[in-house]
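Please take these sequences and the hints and turn them into a complete structure.
Numbering follows this note's numbering, with no gaps: position 268 of the sequence shown is 270.
I should point out that these hints are in silico values taken from the structure, not numbers from a laboratory.
Quick list of simulated restraints, FRET-style, between CB atoms:
# : residue 1 : residue 2 : range
1 : 276       : 328       : 24 to 30 Å
2 : 326       : 99        : 34 to 40 Å
3 : 148       : 291       : 40 to 46 Å
4 : 183       : 404       : 47 to 53 Å
5 : 360       : 279       : 45 to 51 Å
6 : 211       : 184       : 19 to 25 Å
7 : 148       : 294       : 51 to 57 Å
8 : 113       : 390       : 48 to 54 Å
9 : 331       : 188       : 55 to 61 Å
Just so you know, even glycine gets a beta-carbon here, dropped at the ideal spot from N, CA and C.
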Amino acid sequence: MAAKAIMVQGTMSNAGKSLLVAGLCRIFHEDGYKTAPFKSQNMALNSYITKEGLEMGRAQVMQAEAAGRLPDVRMNPILLKPTGDTTSQVIVKGKVLDTLSASSYFAMKKKLIPTILESYESLAEENDILVLEGAGSPAEINLNENDIVNMGMAKMAKAPVLLVGDIDRGGVFAQLIGTQMLLRDWEKKYLKGMIVNKFRGDQRLLQSGLTMLEERTGVPVVGCVPYLQVDLDEEDSLAELLSAKEGSRPGAELEVVVIRLPHLSNFTDFQTFLRFREVNLRYVREPSDLGKPDLIFLPGTKNTMQDLEWLRESGMEEAVLRAHHSGSLLFGICGGYQMLGEVLEDPDGIEAGEEKKGGSARGLGLLPMKTVFQKTKVRTQVEGKLLHLAGALCGLSGLPVCGYEVHMGISTPLQDVSPLCLVEVKSE
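Structure (structure tokens):
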């Protein structure tokens with residue numbers, strides 16, 4: 003028997019859909035139902051690599067854990083990873099399909115419906131309940147044609163919809179009423195309840211508004227969720243920190259700076275630092291704000307070549323090198339690691355596009371290494387151990403490590419070097 007379904011949609015991004023889906027998954031799981039999350043299409047800079055070496059959105063990973071399940075790419079069959087202002091890498095069932103402009107993807111996305119249904123139906127056969135998540139808002143009337151993630155998905159799954167509004171930002175009644183008014187008649191039939199999320203204060207003062215909301219829309223308010231301080235790998239969860247110059251804990255003993263590259267990706271890599279009272283984590287965009295931190299990270303990026311050019315033209319390269327030579331430890335992750343080498347080459351235009359095919363760029367020159375971008379994407383989970391380390395990192399020698407690789411470049415040393423760690427297990 004196919005699973006029953008329920009769907010959570012929001013009036014806007016960051017309304018709290020991901021957390022509520024996780025909460026429902028947990029409740030159903032603890033009540034003894036075999037449950038799984040599902041989001042047909044996710045746009046995110048942060049991704050997760052499954053044990054099969056496939057790529058999916060981190061929100062669905064968190065929701066799967068809440069449901070007591072291992073992450074499965076069927077839970078997020080389409081992942082869009084922005085590579086520029088108007089282009090995204092399209093990942094289908096964990097593998098790269100293509101890099102497309104927004105208009106090209108909009109024109110072809112209807113062709114992905116069979117893939118979406120295949121993933122959904124196979125999950126439905128294995129579970130009692132599927133909890134679906136929408137994206138953005140169902141009232142994006144310019145994008146409603148061939149919708150595959152909001153009411154279009156609700157229709158395919160025959161799923162009742164709960165609409166979530168964020169009262170903490172203000173205007174929740176306009177959000178909910180306006181969204182309902184913009185829905186087409188057939189879409190309104192799927193809307194079965196409304197939820198006011200992130201409420202602070204005395205709920206008795208809210209009751210008259212909830213009553214009027216029900217009268218105006220004819221849709222019951224099924225819940226009022228209090229504002230919660232949560233630590234989740236959500237796409238929008240670090241939005242405030244990314245723009246906070248003072249960082250997470252000003253005045254803390256250890257200062258860690260992440261260079262805020264224009265195409266910054268997988269910034270969830272640094273969320274662990276938020277759990278330590280001794281650490282102030284700052285994201286820095288202006289060279290004048292860098293200072294002399296204890297540790298600097300050049301993070302991952304969806305466009306290494308463009309961000310390396312920005313690093314140079316903005317003066318950030320000079321600031322980073324100056325801080326490093328003054329004693330700041332410097333780490334590179336993914337694209338940031340590639341930047342630390344001598345040269346980066348793009349023979350097939352993977353990074354820069356077809357018009358700049360065959361281009362190359364000078365790296366920061368801190369590592370004797372060359373990176374060549376290629377069409378095949380490396381996706382794997384990794385286990386290993388740190389080798390003998392010196393200096394500030396000596397206390398880490400011999401410790402086990404686990405992580406993941408997700409990149410489209412091969413980096414090779416230009417001379418003998420001492421590796422940081424020994425890789426013992428890969429998921430491929």
